[in-house]
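*Asks:* When you get a sec, could you build the whole thing from the sequences and use the hints?
Chains as they are written, first to last, in my numbering: chain A, 1295 to 1525; chain B, 1295 to 1525; chain C, 1038 to 1256; chain D, 1038 to 1256.
Every clue listed holds true.
Reference excerpt, derived from the structure (chain C facing chain B, CB under 10 Å, subset only):
| # | residue |
| --- | --- |
| 1 | 1087 |
| 2 | 1088 |
| 3 | 1118 |
| 4 | 1119 |
| 5 | 1126 |
| 6 | 1127 |
| 7 | 1129 |
| 8 | 1130 |
| 9 | 1131 |
Just so you know, these hints were derived from the structure itself, not from any lab. Ideal placement from N, C-alpha and C gives every residue a C-beta, glycine not left out.
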Amino acid sequence: MNKVVKNADDAIKDLTDNLVIMLGGFGLCGIPENCITALVKKGSKGLTCISNNAGVDDFGIGLMLKTRQVKKMISSYVGENAEFERQLLSGELEVDLIPQGTLATRCMAAAYGMPAVWLRAGVGTEVAIGKEVRNFNGVDHLLEYAFDADFALVKAWKGDTHGNLIFRKTTRNFNMQMAMAGKITVAEVEELVPAGDLDPDQIHVPGIYVQRIFQGSNYEKRIEQRTVRKS
Amino acid sequence: MNKVVKNADDAIKDLTDNLVIMLGGFGLCGIPENCITALVKKGSKGLTCISNNAGVDDFGIGLMLKTRQVKKMISSYVGENAEFERQLLSGELEVDLIPQGTLATRCMAAAYGMPAVWLRAGVGTEVAIGKEVRNFNGVDHLLEYAFDADFALVKAWKGDTHGNLIFRKTTRNFNMQMAMAGKITVAEVEELVPAGDLDPDQIHVPGIYVQRIFQGSNYEKRIEQRTVRKS
Amino acid sequence: MLDKIGIAKRIAKEVKDGYYVNLGIGIPTLVANYIPEGVNVTLQSENGMLGMGPFPFDGEEDADLINAGKQTITEVPGTAYFDSALSFGMIRAGKVDLTILGAMEVSENGDIANWKIPGKMVKGMGGAMDLVAAAQNIIVAMQHVNKAGESKLLPSCTLPLTGVKCVKKIVTELAVLEVVPGEGFVLLESAPGVTVEDIRKATAGKLVVKGDVPEMVID
Amino acid sequence: MLDKIGIAKRIAKEVKDGYYVNLGIGIPTLVANYIPEGVNVTLQSENGMLGMGPFPFDGEEDADLINAGKQTITEVPGTAYFDSALSFGMIRAGKVDLTILGAMEVSENGDIANWKIPGKMVKGMGGAMDLVAAAQNIIVAMQHVNKAGESKLLPSCTLPLTGVKCVKKIVTELAVLEVVPGEGFVLLESAPGVTVEDIRKATAGKLVVKGDVPEMVID
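*Replies:* Below, the structure written as structure tokens:
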């Protein structure tokens, strides 16, 4: 049951070209920094990335956009990235924009083994085009499918050798459901502890969902919008 | 944002006849003992109870069966209760038996504002009769609807004055999703603390889902199958 | 005519004690600063938090604690964290009492457009489509006209929609308006120093004026 | 012929290192006691636990800690608790490697019946329907014949079904059999002292015997 790998390079050694991958995080908060660095180094191309955001020019998924490793982004908001916008407008990059709650719930559907669910976001808008519509209790809903991702790359605060994960504050965001949605889930954690060290009542993702885990290093944890008040 | 009520009697004072209620717990583990006692005392009749089990003859929902307060049980397993079986065979009680995972997921669907989901349990069996079937990825699934419950009565370990809840060990069971699925959720807790005392990372049910909370008393916490090993 | 703070102050009066509120980016975020004493409100941030506190003091920022606008924030007593799926689950389940967000356009029947300008801007909808599809009570905070001087209150939206028939109320620098499907933009209040005629000029959609229009009261 | 412990011991050999396993009530529960040294297995209990440990010592029972059979149990290092929806979520998502459960009847094509006897018994299906519908790998542990001496391995089930075409393997007091749709019950091993003829007599459904049938090896 020991799922520990040495580092990010080891964890993604079979993450080859043209796969579908999920990347946790919201903005730059809670992103799998080590895995992204390793993926840029490895150079896998033609990737479809399911991630709420696309990072910024020089950090997060932005690094993978620079190296043109991404064929398609499936996201809800990508508005902080000039290189992204350039590739999109030039047609180098495909983008599927999805309402944020629908994005999260399609991850959850995969995590819970549900092939599809009915959701109301986007009815009557262009995201509804081509989708099956059904009325429940007077409200139209769209049929939304579970994502099918080869890998999920997530970042947690603490993890144990069995793959149990705990997140800190708002880093739980997409990391939690994605950790449970990937065919192969790679978790990088700030602190890796022996099985038994985490309180079983506090575990956010049970280890059964995690195939590989390692303790990451050199976290930058960049802040996108540093906002403060006067003391 | 203070949701504290005095006791169970106060918490269910408007739980009138013929309502649909959810009751948390698995077997006798984590059942809302105080609420059940108050409900027996209040005597509301014609209730539809969504609960995985039906208690035993003299404890849990069994107490409400004795007083004939229950019109219908929606459960997955009811095999520990002779009075239950008698009422069922005599036609005094309606029973809707539902696969346990489907039961839990129909609670979750309500909690997440999804009117319906596609689930595979029961395909080809009598529980599929009358249900819409659709094939996804080669596997038939049934269309299953979210429950619509007037009240959810749940038991948690700790709670705060804002309604945030934490469960202990296997008492989380149906309590967690039901706490998020009721139109009015009543939570009884073993320890009620001021808002701010619980670790925000460890909360299982955010207070937004809980309308009323109180510290319960005299918990019996009966064990259904006391099994031990020799030392 | 109101400035942004004035708009935020006026909207703050719509917030009732005990409400759970989701605030969008921009003017809506300012609303939190003007909620009256004695009105206890819990702010929901759709990236996974209930009980959002103010910005941190300088040096106390935590990269693991941001709001949906990616700003550093703080906790309050009673804060709870959760994941994005549950966050939108509670929104969809109708547990959030009030959603306040910005818009590029609103139509007479309550349609809203705020996420895309074809050929110009492709930032994405974020959580806006989920919020407007689910919330029972949506207030739009925006300028009455855009930078080109064109009305943002239209017979029907020209930009790609975020949601249909969902906006209940609009607060601009000129007025407070209720969207009544089948009627149009019903004028509830005018801003100090603004005439009904000013508002009519700035409103391309059907403006409905019923009797005397009171002036907004802002503390 | 095997006793219950023999059946449990034989099934224990099907459990591989690193497996997540769900054990039903009865004989399946016994399997946990006979998993070979060096084979690390995590037991899932569908009421909301991964990493189920043995029964507690007398006096150490905890009413808040039970398994799906409502028995008091213990934790192990690495245990995680969760709610019922996630528990069946991970089952449905195929994360549980092996499910072992009892049955009243199994048919030639892998249908299983184990939850209801019309007019006689109405206990309910519990989690069985979810488990058999989702698990990739289902082993049935049961007696070959019922108390009335009738075969429980049938051409088709007579009792209300729990699931269709889902059982992969059956271990009884007489034999280990594989269910091969289109073929029938393929005899893999016979119990010590049991002949193929004995097994044939006890099997109402089509029994397929391919060459010599090895005898079970049980430690």
